[in-house]
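Enquirer: Each chain, written out:
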Amino acid sequence: MKVLCVAEKPSIAKEVTSVLSGGRSTRRDSRSKYNANFDFKFTFPGHGLCDVTMTSVTGHITSMDFPAEYAWGRVPPGRLLDAPVKIQPDKSKLAIHQNIANEARSANYLMIWTDCDREGEAIGYEILEAAKKGNTRLSLSSVWRPHFSHLEKNHILSAARNPQNLNMKTVEAVHCRQEVDLRVGASFTRLLTDILRRSKLVDEIVSYGTCQFPTLGFVVDRYKRVKNFVPEKFWYISTSVEKSNQTVSFSWAKTHFFDRLFVVMLYEECMKSTHGTIKGVTRKPTSNFKPFPLTTVSLQKDCATYFKMSAKEALDAAEKLYQSGWISYPRTETDMFPPEMDLRSIIQTHTQDSRWGHYATSLMTVDGKYGIPRKGRNNDKSHPPIHPVKYVNLETITNDKQRKVYEYVVRRFLACCSTDAKGFQTVAELQWGNETFRASGLEVTEKNYLDVYTYRTWSSTEQLPPFVAGERVNLKSAEVKEGKTSPPNHMTETELIALMDANGIGTDATIAEHIHKIEQRSYITKKKTGKSHIILPTELGMGLIEAFSSISFANNISLSKPFLRKRLESLLKEIEEGRATKEFSLRETISLYKNAFALTAEEQSVLVNEFKKFQT
Amino acid sequence: MSNPERNAFNPQEFANKPSDQTRLPVAFNVIHVDDISKSKIAKLEEWMKYKDPNEVGVDRLNRSGAGTNQHIIREIDVSDNDNARLMETTSLFDSSVYKLTLRDNFDNYCFAYEYNDKLPFLRTGSTLPIPIKLGGKLIISSGATVANGALLVDRKVCKYIGVDESSELVKALNSNLVEKSINILQNPEL
Chain A
1 MKVLCVAEKP
11 SIAKEVTSVL
21 SGGRSTRRDS
31 RSKYNANFDF
41 KFTFPGHGLC
51 DVTMTSVTGH
61 ITSMDFPAEY
71 AWGRVPPGRL
81 LDAPVKIQPD
91 KSKLAIHQNI
101 ANEARSANYL
111 MIWTDCDREG
121 EAIGYEILEA
131 AKKGNTRLSL
141 SSVWRPHFSH
151 LEKNHILSAA
161 RNPQNLNMKT
171 VEAVHCRQEV
181 DLRVGASFTR
191 LLTDILRRSK
201 LVDEIVSYGT
211 CQFPTLGFVV
221 DRYKRVKNFV
231 PEKFWYISTS
241 VEKSNQTVSF
251 SWAKTHFFDR
261 LFVVMLYEEC
271 MKSTHGTIKG
281 VTRKPTSNFK
291 PFPLTTVSLQ
301 KDCATYFKMS
311 AKEALDAAEK
321 LYQSGWISYP
331 RTETDMFPPE
341 MDLRSIIQTH
351 TQDSRWGHYA
361 TSLMTVDGKY
371 GIPRKGRNND
381 KSHPPIHPVK
391 YVNLETITND
401 KQRKVYEYVV
411 RRFLACCSTD
421 AKGFQTVAEL
431 QWGNETFRAS
441 GLEVTEKNYL
451 DVYTYRTWSS
461 TEQLPPFVAG
471 ERVNLKSAEV
481 KEGKTSPPNH
491 MTETELIALM
501 DANGIGTDAT
511 IAEHIHKIEQ
521 RSYITKKKTG
531 KSHIILPTEL
541 GMGLIEAFSS
551 ISFANNISLS
561 KPFLRKRLES
571 LLKEIEEGRA
581 TKEFSLRETI
591 SLYKNAFALT
601 AEEQSVLVNE
611 FKKFQT
Chain B
1 MSNPERNAFN
11 PQEFANKPSD
21 QTRLPVAFNV
31 IHVDDISKSK
41 IAKLEEWMKY
51 KDPNEVGVDR
61 LNRSGAGTNQ
71 HIIREIDVSD
81 NDNARLMETT
91 SLFDSSVYKL
101 TLRDNFDNYC
111 FAYEYNDKLP
121 FLRTGSTLPI
131 PIKLGGKLII
141 SSGATVANGA
151 LLVDRKVCKY
161 IGVDESSELV
171 KALNSNLVEK
181 SINILQNPEL
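Chains as they are written, first to last, in UniProt numbering: chain A, 1 to 616; chain B, 1 to 190.
Don't take each hint at face value.
[Claimed, not checked] Here are the simulated DMTMM-like cross-link-like pairs (lysine to aspartate or glutamate), alpha carbons at most 20 Å apart as the crow flies:
hint : chain 1 : residue 1 : chain 2 : residue 2
1    : A       : 86        : A       : 65
2    : A       : 476       : A       : 268
3    : B       : 156       : A       : 194
4    : A       : 233       : B       : 34
5    : B       : 99        : A       : 259
6    : B       : 118       : A       : 259
7    : A       : 566       : A       : 380
8    : B       : 99        : A       : 268
9    : B       : 40        : A       : 482
10   : B       : 156       : B       : 117
11   : B       : 38        : A       : 482
12   : B       : 99        : A       : 179
13   : B       : 40        : A       : 232
14   : B       : 38        : A       : 259
15   : B       : 99        : A       : 232
16   : A       : 224       : B       : 45
17   : B       : 17        : A       : 269
18   : B       : 40        : A       : 259
19   : A       : 254       : B       : 154
20   : A       : 254       : B       : 34
21   : A       : 233       : B       : 20
22   : B       : 38        : A       : 232
23   : B       : 118       : A       : 269
24   : B       : 51        : A       : 546
25   : A       : 9         : A       : 152
26   : A       : 272       : B       : 45
27   : A       : 254       : B       : 94
28   : A       : 169       : A       : 482
29   : B       : 43        : A       : 259
30   : A       : 169       : A       : 583
31   : A       : 9         : A       : 29
32   : A       : 531       : A       : 546
33   : B       : 43        : A       : 29
34   : A       : 594       : A       : 194
35   : A       : 484       : B       : 45
36   : B       : 17        : A       : 268
37   : A       : 227       : B       : 45
In short, the hints are calculated from the structure, not lab data.
Just chain A, same shape as in the assembly (with noise of 0.2 Å):
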């Protein structure tokens, strides 16, 4: 029996060669450069002991694409929209298909060891299409689909023990994506190019994308926001105590209004009383939060915060560190721990270490320390949220990037396995005239999971006097003071990649992508300021949005809001649920999309006269 394995990318066949293999198997080149063969044998159940065969590809091994009579051209950019489109091995990958379909010649069994995600899933249907060019006896019904999430010995053997079948219905999703971005990508692509090179107003090539528009749309919103803004007057009261030789602010209750002649009113009401009474003192325990199991968005947010690091590069150090074998897939939505999975073993193996070790032996053997962690509201049923698999001396991993975001996995890993941070809030309540103003203090107790998340910080503020209830006490300074609206903040990478999540823009694994695309397409330019790095758009993206933004399409759409992508996302969902195919999903996005083609090749002057306003 010969069972031919093939991985999404070299790294994987080679750990997991390693792993099934148990360290003795041979290597062999192939005619892929990058993608070397790995012969071995290996014990599946019901099939004894089998010739194995690792090999690998490098992410997607065909494209889509339309005939050569569609060039561009050749025909209207509308006809993109209805032309036929056919699937064809990536000309770049050629090697790799012969590869492929050289192995497979003799096999029995396709083992597809693509990551567990949807591109994944279709990127396994594209193996089985080259293999079943070698061998025609392979079908899907001889395609095993191990699922696994991250490279642990443990973990692999069980995933490859227990195949399921390719499932078909993401790889139709996967399709269904494709082909929408291909057809409305291609077709507005050309169009808006030939619209502005017609005008002399660019030269390069304008790229739409429906993601990557979207995208742009939130930067251009929050620059447009933040130019437009004129700073409003607000009015407040304002009070002070003084007690224990310490001065109070109390902080009123109704914060503030943008209504002086009311703040005054009730100012005036205030004045009729000459003192001020503390209404009531309060101290109760409060808690600060571990935080959630990781998701690939948090991570992606956190790196940005915490180091500075952009979406894609974020990504790509958990990539290497997931292909290395010392994180989980970090590709995920899930914010929850599968019950049975054994959290303690996983901390048991830091405890060796000399930065975390001490606190990870604490958590193993300190009643009260260890804490269930928390559980979100995602679970994408593929992967367990990110954490680590094997323990790394932080010294050994010499990329700066990898190391801060292992120490980052890890730390927060201990975090959600912690207990809350915990302390006491007091709360001093006073009442003068008809209003309500308090004052607080914190006092933080046991600072918990966040001696070990040192990115968090939550400290004790100063303490109050020791006021007490019904006390009568007068004011310090009572005064109507006046305060200014502040403008918002310019767009940073984590709000942005924030605001696509939330909003359905590109899923987990490509929000980095979207963003690193348009910097590359100049569309947007980062900047430092201070200490933070702020995202503009520049002038060919704030022309692009808002030439789309003069034209009034039909139903309410538009081609730089999130909504016509979120809505193919969610029929996307539908067809690997099985609730919609892939024929309606196509059929109802492309007859939007062919409506705002339509209107954009009519309004060609509209367009081509507001982008000319944002070009110096």
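Assemble the complex: chain A is given as a structure, and chain B must be docked to it using the hints.
Expert: Just chain B now, kept in the frame of chain A:
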């Protein structure tokens, strides 16, 4: 003089008095309602959603998303911990305070502020920035506080009668309300 329809409220009479009380019940029409806890820009964005959701910036979180079929996430709390998220869910209280522009039957205009109370007739669950149809009848009973010519009202002194749909005033005030409100907020000098 107990018929509120026949009584007038002339704020000029109270202009120089820091605090006084109304002596007679007065019938008013509600000409305008304004939430003074919100900035102009926040109100403008709320109205814009009704005009065209595509014209509203999508760079912030819209926590309600109500009133449109396109729920936009427009603002995200990116504080570095999950505690803020928890705090948010526990602090969702009604912070609105309404200022009413009122007109009595003798064409006297005045302002009335909600004072230490939340007037139930203004909390109808409407998702529009103006929670009631304009032009409705409101009776303010005697004993309401008047400060600097403005009324400070609570539910004890307010009796909301509602709108007479056939009234020309109601039609005039509510027609094209979205456009009018946006125009006023965008051009405060109007």
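Enquirer: All the hints need checking, so say for each whether the structure fits it.
Expert: How the hints compare with the structure:
Between residue 86 of chain A and residue 65 of chain A the CA atoms are separated by roughly 6 Å; this keeps the pair inside 20 Å, and the hint holds. Among the hinted pairs, residue 476 of chain A with residue 268 of chain A is consistent with the structure: their alpha-carbon atoms are about 17 Å apart, no more than 20 Å. Distance check on the hinted pair: residue 156 of chain B and residue 194 of chain A sit about 68 Å apart at the alpha-carbon level, beyond 20 Å; violated. In summary, the hint linking residue 233 of chain A to residue 34 of chain B is supported, as the alpha carbons are separated by about 16 Å, within the 20 Å threshold.
At most 20 Å may separate the alpha-carbon atoms for a hinted pair to count; residue 99 of chain B and residue 259 of chain A meet this at roughly 9 Å. Pair hint residue 118 of chain B plus residue 259 of chain A holds up; C-alpha atoms about 17 Å apart against a cutoff of 20 Å. Proposed proximity of residue 566 of chain A and residue 380 of chain A is supported: the alpha carbons are some 18 Å apart, at most 20 Å. Proximity of residue 99 of chain B to residue 268 of chain A is assessed by CA-CA distance (about 18 Å); at most 20 Å being required, the pair is judged to hold.
Under the criterion of a C-alpha separation no larger than 20 Å, the hint pairing residue 40 of chain B with residue 482 of chain A is consistent with the structure, at around 16 Å. As the CA atoms of residue 156 of chain B and residue 117 of chain B are separated by approximately 9 Å, the hinted pair is consistent with the 20 Å bound. For the suggested pair residue 38 of chain B and residue 482 of chain A, the alpha carbons sit about 15 Å apart, so the restraint of at most 20 Å is met. Between the alpha carbons of residue 99 of chain B and residue 179 of chain A the distance comes to roughly 54 Å, so the proposed pair goes past 20 Å and is violated.
Of the pairs offered as hints, the one joining residue 40 of chain B and residue 232 of chain A holds, with about 8 Å between alpha carbons and a cut-off of 20 Å not exceeded. At most 20 Å may separate the alpha-carbon atoms for a hinted pair to count; residue 38 of chain B and residue 259 of chain A meet this at roughly 10 Å. In summary, the hint linking residue 99 of chain B to residue 232 of chain A is supported, as the alpha carbons are separated by about 18 Å, within the 20 Å threshold. Of the supplied pair hints, the one linking residue 224 of chain A and residue 45 of chain B holds, its CA atoms being roughly 13 Å apart against a limit of 20 Å.
In summary, the hint linking residue 17 of chain B to residue 269 of chain A is supported, as the alpha carbons are separated by about 13 Å, within the 20 Å threshold. With a C-alpha separation of about 11 Å, the suggested pair residue 40 of chain B and residue 259 of chain A falls inside the 20 Å cut-off, and the hint holds. For the hint linking residue 254 of chain A to residue 154 of chain B, the alpha-carbon distance of about 17 Å falls within 20 Å, and the restraint holds. With a CA separation close to 17 Å, the supplied pair residue 254 of chain A and residue 34 of chain B stays within the 20 Å bound.
Among the hinted pairs, residue 233 of chain A with residue 20 of chain B is inconsistent with the structure: their alpha-carbon atoms are about 28 Å apart, more than 20 Å. The suggested pairing of residue 38 of chain B with residue 232 of chain A holds, with an alpha-carbon distance near 10 Å, which does not exceed 20 Å. Restraint check for residue 118 of chain B and residue 269 of chain A: satisfied, since their Cα atoms lie roughly 18 Å apart, inside the 20 Å limit. For the given pair, residue 51 of chain B sits about 18 Å from residue 546 of chain A by alpha-carbon distance, which is consistent with the 20 Å threshold.
A C-alpha spacing of about 17 Å is found between residue 9 of chain A and residue 152 of chain A, which places the hinted pair at or below 20 Å, so the restraint holds. The straight-line distance between the Cα atoms of residue 272 of chain A and residue 45 of chain B is roughly 39 Å, outside the 20 Å bound, and the hint therefore fails. For the proposed pair residue 254 of chain A and residue 94 of chain B, the alpha carbon gap of about 11 Å is at most 20 Å, so the pair holds. Restraint check for residue 169 of chain A and residue 482 of chain A: not satisfied, since their Cα atoms lie roughly 60 Å apart, outside the 20 Å limit.
Taken as a hint, the residue 43 of chain B and residue 259 of chain A pair is honoured in the structure, with Cα atoms around 14 Å apart against an allowance of 20 Å. A threshold of 20 Å between alpha carbons decides the hint, and for residue 169 of chain A with residue 583 of chain A the separation of about 12 Å falls inside it, so the pair holds. Annotation: proposed proximity of residue 9 of chain A to residue 29 of chain A holds, straight-line Cα distance about 15 Å (limit 20 Å). The suggested pairing of residue 531 of chain A with residue 546 of chain A is violated, with an alpha-carbon distance near 30 Å, which exceeds 20 Å.
Note on residue 43 of chain B and residue 29 of chain A: the hinted pairing is violated, with a Cα-Cα distance of about 67 Å set against a maximum of 20 Å. A distance of roughly 18 Å separates the Cα atoms of residue 594 of chain A and residue 194 of chain A; the hinted pair therefore holds under the 20 Å criterion. Between residue 484 of chain A and residue 45 of chain B the CA atoms are separated by roughly 19 Å; this keeps the pair inside 20 Å, and the hint holds. Pair hint residue 17 of chain B plus residue 268 of chain A holds up; C-alpha atoms about 12 Å apart against a cutoff of 20 Å.
Between residue 227 of chain A and residue 45 of chain B, the direct Cα distance comes to roughly 16 Å. Compliance with the 20 Å bound is thereby established for this hinted pair.
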